[in-house]
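Asker: In case you want the letters, here they are:
Protein chains: 2
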Amino acid sequence: MPFRDTLKGIVESVEGGLGVIIMGYDGIAIDEYFLDNAGLDLNLMTVEYSSLLKDVRHTADILKAGGLEEMAVNTARSRVIMRTINDDLFLALILSHDGNYGKGRYLLRRDAYGLNDRLS
Amino acid sequence: MPFRDTLKGIVESVEGGLGVIIMGYDGIAIDEYFLDNAGLDLNLMTVEYSSLLKDVRHTADILKAGGLEEMAVNTARSRVIMRTINDDLFLALILSHDGNYGKGRYLLRRDAYGLNDRLS
Numbered sequence: 043m044p045f046r047d048t049l050k051g052i053v054e055s056v057e058g059g060l061g062v063i064i065m066g067y068d069g070i071a072i073d074e075y076f077l078d079n080a081g082l083d084l085n086l087m088t089v090e091y092s093s094l095l096k097d098v099r100h101t102a103d104i105l106k107a108g109g110l111e112e113m114a115v116n117t118a119r120s121r122v123i124m125r126t127i128n129d130d131l132f133l134a135l136i137l138s139h140d141g142n143y144g145k146g147r148y149l150l151r152r153d154a155y156g157l158n159d160r161l162s
Numbered sequence: 043m044p045f046r047d048t049l050k051g052i053v054e055s056v057e058g059g060l061g062v063i064i065m066g067y068d069g070i071a072i073d074e075y076f077l078d079n080a081g082l083d084l085n086l087m088t089v090e091y092s093s094l095l096k097d098v099r100h101t102a103d104i105l106k107a108g109g110l111e112e113m114a115v116n117t118a119r120s121r122v123i124m125r126t127i128n129d130d131l132f133l134a135l136i137l138s139h140d141g142n143y144g145k146g147r148y149l150l151r152r153d154a155y156g157l158n159d160r161l162s
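Line by line, the protein sequences give chains A and B. Heads up, the first sequence is in my numbering, so the first residue is 43 and it goes up one at a time. Heads up, the second sequence is in my numbering, so the first residue is 43 and it goes up one at a time.
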């Protein structure tokens, strides 16, 4: 799994990091790094959220709001940050509710560019 | 419009603030404060995003991720932050792309509690 080091680096660099995944808008995972003891069904979570992200991208398109860059959903138990890599792929980071949201956003933004180069 | 001062205070306190709205999950606006020269169709934007927010809440429910607290969507032209007030209502803040996202999140979190007291 060629991207494992990058993904592991993200999860281990952010307080409360539970897992991160490179996923296609078609719902197919390219690579992932999940902690075993996350206590949430991270796979199901990323599949469900990827479907939402597709809807959000479509809505942003209708609204002429410009290309989708990032979407975040915070609930009582988790924080999920999704960051566009390119037209086909995105990164999704799952944090615990008390995870470091700002740092998570920063790491995704930083690594999305490099991943785009490697995936194009 | 009884909440106008609160809403105006949010928009004018955050760099890049374009508008803020108190909206029901049924898509009906309770009160709003929009700048005239926002350059985006803020009304359409809030209606479209409120529909997405309902889907996200439903998904969070399926995932047993706990109650939805916040959702944010950043595109090339705008940043939209939505914050739950209570089971029926939410706040949506629209910022320009270079708006102060962190401060916007803070102001919504701070004022959502007070608005819940006044709206309950």
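Keep in mind that the hints were calculated from the coordinates and are not lab data. Warning: the hint list may mix true and false statements.
What the hints assert, rightly or not - Straight-line Cα separation of at most 25 Å, SDA-like style, residue types lysine to any residue; simulated pairs:
#1 A/K106 / B/G69
#2 A/K145 / B/G69
#3 A/K50 / A/K106
#4 A/K106 / B/D159
Stated by the list, open to error - Taking CB as the label site, the calculated pair distances span:
#5 A/G108 / B/N79: 26 to 36 Å
#6 B/D73 / A/N79: 25 to 35 Å
#7 B/D140 / A/K145: 36 to 46 Å
#8 A/R152 / B/D140: 16 to 26 Å
#9 A/D68 / B/R160: 20 to 30 Å
#10 A/K106 / B/G108: 30 to 40 Å
#11 A/G66 / B/R46: 37 to 47 Å
Said to hold, decoys possible - Chain A stretches covered by chain B per the calculated footprint, using a threshold of three residues with CB under 8 Å from any CB of chain B:
#12 51 to 57
#13 61 to 70
#14 84 to 92
Ideal Cβ placement from N, Cα and C applies to all residues, glycine included.
Asker: Are the hints correct? Go through all of them and say.
Answerer: How the hints compare with the structure:
1. In summary, the hint linking A/K106 to B/G69 is supported, as the alpha carbons are separated by about 20 Å, within the 25 Å threshold.
2. Restraint check for A/K145 and B/G69: the C-alpha separation of about 33 Å exceeds 25 Å, so the hint is violated.
3. With a C-alpha separation of about 35 Å, the suggested pair A/K50 and A/K106 falls outside the 25 Å cut-off, and the hint is violated.
4. Between A/K106 and B/D159 the CA atoms are separated by roughly 36 Å; this puts the pair beyond 25 Å, and the hint is violated.
5. Range check, A/G108 to B/N79: about 18 Å between beta-carbon atoms, so the 26 to 36 Å window is missed.
6. A hinted range of 25 to 35 Å for the beta carbons of B/D73 and A/N79 is inconsistent with their spacing of about 45 Å.
7. The beta-carbon spacing between B/D140 and A/K145, approximately 21 Å, falls outside the hinted interval of 36 to 46 Å.
8. Look at A/R152 against B/D140: about 19 Å separates their beta carbons, and that is inside 16 to 26 Å.
9. Here the CB-CB span from A/D68 to B/R160 is close to 45 Å, at odds with the stated 20 to 30 Å.
10. The given range of 30 to 40 Å is respected by A/K106 and B/G108, whose C-beta atoms sit roughly 34 Å from each other.
11. The hint said 37 to 47 Å for the Cβ distance between A/G66 and B/R46, and at roughly 45 Å that hint holds.
12. For the segment 51 to 57 of chain A, the stated coverage by chain B is not satisfied: 0 residues place a CB nearer than 8 Å to a CB of that chain, which falls below the threshold of 3.
13. Here the segment 61 to 70 of chain A counts 0 residues with a CB under 8 Å from a CB of chain B, which misses the bar of 3, and the coverage is violated.
14. Chain B is given as covering the segment 84 to 92 of chain A, and this holds because 4 residues of the stretch bring a CB closer than 8 Å to a CB of that chain, at least three being needed.
When each numbered hint is compared with the structure, violations occur for hints 2, 3, 4, 5, 6, 7, 9, 12 and 13.
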